[in-house]
Amino acid sequence: MPRKEGARKVTGQAQYVDDLKFPGMIYGATVRNPARRGNIRGIAFLPGVPWDEFTIVTAKDIPGKNYVALILNDQPFLAGEITAHGEEAIVLIAHPDRYLVEEARRRVRIDVEALPCVDSLEDSLAGSLNGTEIIWGDNNIFKSYFMNKGDVDRGFAEADLIIEGDYETGAQEQLYIESNGMIAVANPHDGVTVWGSMQCPYYVHKALIPLFGLTPEKIRVIQMETGGGFGGKEEYPSMIAGHAALLAWKSGRPVKLIYDRAEDMTATTKRHPSRTKHRTGVTRDGKLVAMEIDFDIDGGAYATLSAVVLSRGTIHAAGPYSCPNVRIRSRALATTYPPHGAFRGFGAPQSIFALERQMNKVAAALGLPPEEFRRRNFLHGGDTTATGQVIREKVDLDDLLFRALELSHYHHHRDTFDRANPASRLKRGIGFATFMHGAGFTGSGEVALSSVVTVEATREGKVRILAASTEIGQGTNTIFSQIAADALGVDYSLIELAQPDTSTVPNSGPTVASRTVMVVGKLVEAACVGLKHKLIFSGLLEPGYSSVEFAHAAAAYIDRIGPLRASGEYKPPPNVSWNDETYQGDAYGAYAWAVYVAIVTVDPVTYEVRVDDFVAMQEVGKVIHPVLAMGQIEGGVAQAIGFALYERVAWNNGRMANGQMTNYIMPTSADLPPIRVFFAENPYAYGPSGAKGIGELPMDGVAPAILNAIEHATGVAFNHIPLVPELVMESLLAR
Amino acid sequence: MRSHVPSYELVVARDLPHALSMLTEGFRPIAGGTDVMVLFEAGKLAHKKWMSIRGLPELRTIDVTPDHITFGALTTYTDVRRSAIIAAEFPLMIEAAALTGGIATQNRGTIGGNIVNASPAADTPPALLVYDAEVELTSPRGSRWVPYTQFHKGYKVMDLASDELLTRIRLPRKFASWTHFYRKVGTRRAQAISKVCFAGVRRGDQMRVALGSVGPAPIFLENSDISAISPIDDVRSTARYRMQVAKNLMEEFLHASA
Numbered sequence: 001m002p003r004k005e006g007a008r009k010v011t012g013q014a015q016y017v018d019d020l021k022f023p024g025m026i027y028g029a030t031v032r033n034p035a036r037r038g039n040i041r042g043i044a045f046l047p048g049v050p051w052d053e054f055t056i057v058t059a060k061d062i063p064g065k066n067y068v069a070l071i072l073n074d075q076p077f078l079a080g081e082i083t084a085h086g087e088e089a090i091v092l093i094a095h096p097d098r099y100l101v102e103e104a105r106r107r108v109r110i111d112v113e114a115l116p117c118v119d120s121l122e123d124s125l126a127g128s129l130n131g132t133e134i135i136w137g138d139n140n141i142f143k144s145y146f147m148n149k150g151d152v153d154r155g156f157a158e159a160d161l162i163i164e165g166d167y168e169t170g171a172q173e174q175l176y177i178e179s180n181g182m183i184a185v186a187n188p189h190d191g192v193t194v195w196g197s198m199q200c201p202y203y204v205h206k207a208l209i210p211l212f213g214l215t216p217e218k219i220r221v222i223q224m225e226t227g228g229g230f231g232g233k234e235e236y237p238s239m240i241a242g243h244a245a246l247l248a249w250k251s252g253r254p255v256k257l258i259y260d261r262a263e264d265m266t267a268t269t270k271r272h273p274s275r276t277k278h279r280t281g282v283t284r285d286g287k288l289v290a291m292e293i294d295f296d297i298d299g300g301a302y303a304t305l306s307a308v309v310l311s312r313g314t315i316h317a318a319g320p321y322s323c324p325n326v327r328i329r330s331r332a333l334a335t336t337y338p339p340h341g342a343f344r345g346f347g348a349p350q351s352i353f354a355l356e357r358q359m360n361k362v363a364a365a366l367g368l369p370p371e372e373f374r375r376r377n378f379l380h381g382g383d384t385t386a387t388g389q390v391i392r393e394k395v396d397l398d399d400l401l402f403r404a405l406e407l408s409h410y411h412h413h414r415d416t417f418d419r420a421n422p423a424s425r426l427k428r429g430i431g432f433a434t435f436m437h438g439a440g441f442t443g444s445g446e447v448a449l450s451s452v453v454t455v456e457a458t459r460e461g462k463v464r465i466l467a468a469s470t471e472i473g474q475g476t477n478t479i480f481s482q483i484a485a486d487a488l489g490v491d492y493s494l495i496e497l498a499q500p501d502t503s504t505v506p507n508s509g510p511t512v513a514s515r516t517v518m519v520v521g522k523l524v525e526a527a528c529v530g531l532k533h534k535l536i537f538s539g540l541l542e543p544g545y546s547s548v549e550f551a552h553a554a555a556a557y558i559d560r561i562g563p564l565r566a567s568g569e570y571k572p573p574p575n576v577s578w579n580d581e582t583y584q585g586d587a588y589g590a591y592a593w594a595v596y597v598a599i600v601t602v603d604p605v606t607y608e609v610r611v612d613d614f615v616a617m618q619e620v621g622k623v624i625h626p627v628l629a630m631g632q633i634e635g636g637v638a639q640a641i642g643f644a645l646y647e648r649v650a651w652n653n654g655r656m657a658n659g660q661m662t663n664y665i666m667p668t669s670a671d672l673p674p675i676r677v678f679f680a681e682n683p684y685a686y687g688p689s690g691a692k693g694i695g696e697l698p699m700d701g702v703a704p705a706i707l708n709a710i711e712h713a714t715g716v717a718f719n720h721i722p723l724v725p726e727l728v729m730e731s732l733l734a735r
Numbered sequence: 736m737r738s739h740v741p742s743y744e745l746v747v748a749r750d751l752p753h754a755l756s757m758l759t760e761g762f763r764p765i766a767g768g769t770d771v772m773v774l775f776e777a778g779k780l781a782h783k784k785w786m787s788i789r790g791l792p793e794l795r796t797i798d799v800t801p802d803h804i805t806f807g808a809l810t811t812y813t814d815v816r817r818s819a820i821i822a823a824e825f826p827l828m829i830e831a832a833a834l835t836g837g838i839a840t841q842n843r844g845t846i847g848g849n850i851v852n853a854s855p856a857a858d859t860p861p862a863l864l865v866y867d868a869e870v871e872l873t874s875p876r877g878s879r880w881v882p883y884t885q886f887h888k889g890y891k892v893m894d895l896a897s898d899e900l901l902t903r904i905r906l907p908r909k910f911a912s913w914t915h916f917y918r919k920v921g922t923r924r925a926q927a928i929s930k931v932c933f934a935g936v937r938r939g940d941q942m943r944v945a946l947g948s949v950g951p952a953p954i955f956l957e958n959s960d961i962s963a964i965s966p967i968d969d970v971r972s973t974a975r976y977r978m979q980v981a982k983n984l985m986e987e988f989l990h991a992s993a
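Residue numbers (our numbering), protein chains in the order written: chain S, 1 to 735; chain P, 736 to 993.
Isolated chain P, as found in the complex:
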């Protein structure tokens, strides 16, 4: 443990209003902690004031209406993997959840956390992007729904004010009859961080494609144009590899969904 533990503050949110009021006092939310705790262990967690929202049951629901599936931000990967309706209509969410970390991470990690941690290498965002997700952002000022394709603005830059909490995610129930394609490339088959993550859905001429790990944030390809990605060299892989594999996966997707 490289952090100086006594210099951190941790409060537990009693309910959503309490959580929202603590946000305005400079506390940041921690849910499953599967990213935050890694930084904490390494002595690299700069922010010192944290608020656990893990115990808020109102944020861990899966609601089904005729038009949408809406899940709370605290829905875990394991919750996703166990949902029959998600499996039936949004199978890429199941694949992404099953390929994120190991069982322990899947039990603690949340979909909302995966979104707002805003890692370019996160595995559920490409699936959420192709499924045309919307995210609900809540603050003491009220709530607003934002199309997920408009949410990520740059490396760890989001359409998220400091007093806003990501509370819900909803997916329109219009993809059940589409062809679904997901591929995570992480060199090893489990416990891997993506080098390239590809999600695609297609029905006839309609096609939606999104990728992870090929730019500063998860990217939705307008017009399915693969040349829009901007991969880099880093400790995990090379820009050339990511570019080439992304193109290969695009080709494979087109072939598989034809």
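If we strip away everything but chain S, and leave its shape as in the complex, we get:
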């Protein structure tokens, strides 16, 4: 199946927000805090530009509430008296001459009286414990979780061996191809309309309502063609939409606000840095009896989505293993960095990195091969996860592991490298990780979202899908069309997609959490089945129809009876329960399971690590579109190789100092190995055609597989990513 919007993209007809132009449109820019956390003492507009021609907006101009509505509503659209971090927006300016806007941006002087900063998880925690430096709330803690299964203290008492380990991961920039941007038209009479690049139209909608104090019908959000998101366009677009709309409201003119790459990299959210401490108790025969995990993430200066990122990281922290006693404490802590936010994997890549390094450490302490140690502890059907969720689906991790090791010639390479390395300048190694990723919102999240999808037939005999789920390059349009065509029994070409526009499409929830196919796709299927039944029950269509007969019947229905529409509404699978207080229960409707294997070469001259081969073996329910599914896995592995080895955010005074693609080293295709993707299928009863979510899965297990391979190659246990050559050197020299 060709991509629904593919031809429009390759012929340049696809309209991205920066392609739009409105009559009388002016250009906006954001002036940010030039210092760090502090009190805003004054704002001066230096001479050199005609300031009387500019629209200028500060916190004082906000017509409604000055917060970005999300979870805790703590982040202002514009800092007023206090600024919490060095990339915070304080002043907005706009002018018809886009070049003059940039000249003017340099002529705004913001005087900030410095307040103390908190630059690390340690300092944030120290502030929390000693009350020394509190920068957020009462204790610098955005959110904490405590999860307990069994009796961990007794588990440790029974353990023959207790192994501890510390692990850290760094920030990572999403680096979608299209930088962020919005256009807004706003006035008291018509309300507020924004067009832009985004993942979640209804998140933007929700944020604009209190900002302007308008009713929901007065706010309209339209998603333009969007060049990638990876979580980076989950929450920050609300901020930009608000800024564009505030300028439009004050000027009375359409305002375009587009970030260039530098602003997008430095000012918008990144992956949460993390620190994990593991304490693992095992018996001498290699059975896990106690796992104690402390997992902290750096949320930056405002809460944004940290609570939910932490939740996913916490739930995934104990991995696909059966252990009777598990205790996990986790915290999202405040620092004075720009807020961290959603990024593919959403906390799970961080905690799984720690776990899969720790599992190798435990195996080594036991004298067991890492694969054998895992085999002795894998979850099987009927076992319970760390949240006490009983695994009801058929899960066969042993088979995935066996196949992944076969496909990568694991044992052969391990032996060969062991023999060759002592005499070789280049050191080679092979390693793997086993993991899972829960698809959809956590716990009761999907019930709270109660997503809706509508389908409607047109007089031309086409069927249009109305959903707020966005195409951001991952294939939503194509997959939804396939699901609809299958459910309706008509040709793929008869399916159309309505542009996500909050004035016309129902809220099918945000395009996040690997939920679009599994959860929303199921609603597309249900809505299409409903539509088909309506037609059949009307007597206008006989079962066994062709696409042409369907089209005629639909036209006849519209003529004789009226609009032909049907909706699908979310219903949770049966026997699912979740307790938000104890964090126990069915965390996710379904998990995808995977085993990833990496082969690396470490060059002791340059300390560079190269990934030579990569096998990604996963079970994802049912693959709906093999090419797109393969693309998701390949892209995710590539992005995770960046996370593991290349992409280091250089922080300087609370800011990203390498906000350019020349200095923030994302791997190129020349740096990537062959990524060999394999799927095992095990249809999930509550996904469309049996599909489970896959978008985030490939981000989770790559980094630990690579670091496990590096440990094999060098004999050095590296536990901190990104593992850039400078860090490799320091450890190898210290050896």
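The set of hints was computed from the structure by calculation and includes no laboratory data.
Far from chain S by the CB rule (all over 12 Å, computed), these chain P residues:
#1 Glu760
#2 Trp785
#3 Val799
#4 Asn842
#5 Asn852
#6 Ala952
#7 Glu957
#8 Ser959
#9 Ala963
In silico DMTMM-like links for lysine to aspartate or glutamate, alpha-carbon gap of 20 Å or less:
#10 Lys9/S to Asp19/S
#11 Lys784/P to Glu103/S
#12 Lys9/S to Glu178/S
#13 Lys783/P to Glu103/S
#14 Lys779/P to Glu103/S
Chain S stretches covered by chain P per the calculated footprint, using a threshold of three residues with CB under 8 Å from any CB of chain P:
#15 96-102
#16 726-735
The beta carbon of each residue, even a glycine, is placed where N, CA and C say it ideally should be.
Position chain P against the provided structure of chain S, taking the given hints into account.
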């Protein structure tokens, strides 16, 4: 685009004399623009008067005489990569050109520009240094040839007067039988800016070594003494890493050329 475009001036040089006369009026040359335009985009291009010399064909030639290969300052990386005689006698130039930026940059970027932009991280200067290049500097007062090893004086400081244009580069044809060694360390394999760039040639006891990204300017090592480098910590790497890798590369060069 963060620059205020209307406040910049750009003139196009008709020929070399015209270019030289515009230099005296405060216009600076822009050739491929692969460095200048990056600063322009970022709003960090302080100088406002620019002169495009890109259309001067007399500066985009490769001439071969029995003693020298001489190329015009506007010779692009792609021109270098396509030259059979450079490949045969000065292979490090080919490697350096192939590792500079991507295809688009190689099509526009010029060797002369790479020299006078004077980035410490530039990739062709170490090769030019070991090949004992000379550069021709031309002004209305006339031309002079300067040994390239004497050209860089400090960070972005060169033996180049404000009315002089770098017009040609020549390499003595005496290295064909030497062993050539080049290594660019930039963490990723393409589109990278060097953390350390190493060029070396050797024939028996004769050895010439030059490096990039380990000091304020590309450096030619007198007596091949690696301790002469002075790397720093910056956004791309650390001084310790650069020092250690430079030493390792020196060792590897000695080993490979032995």
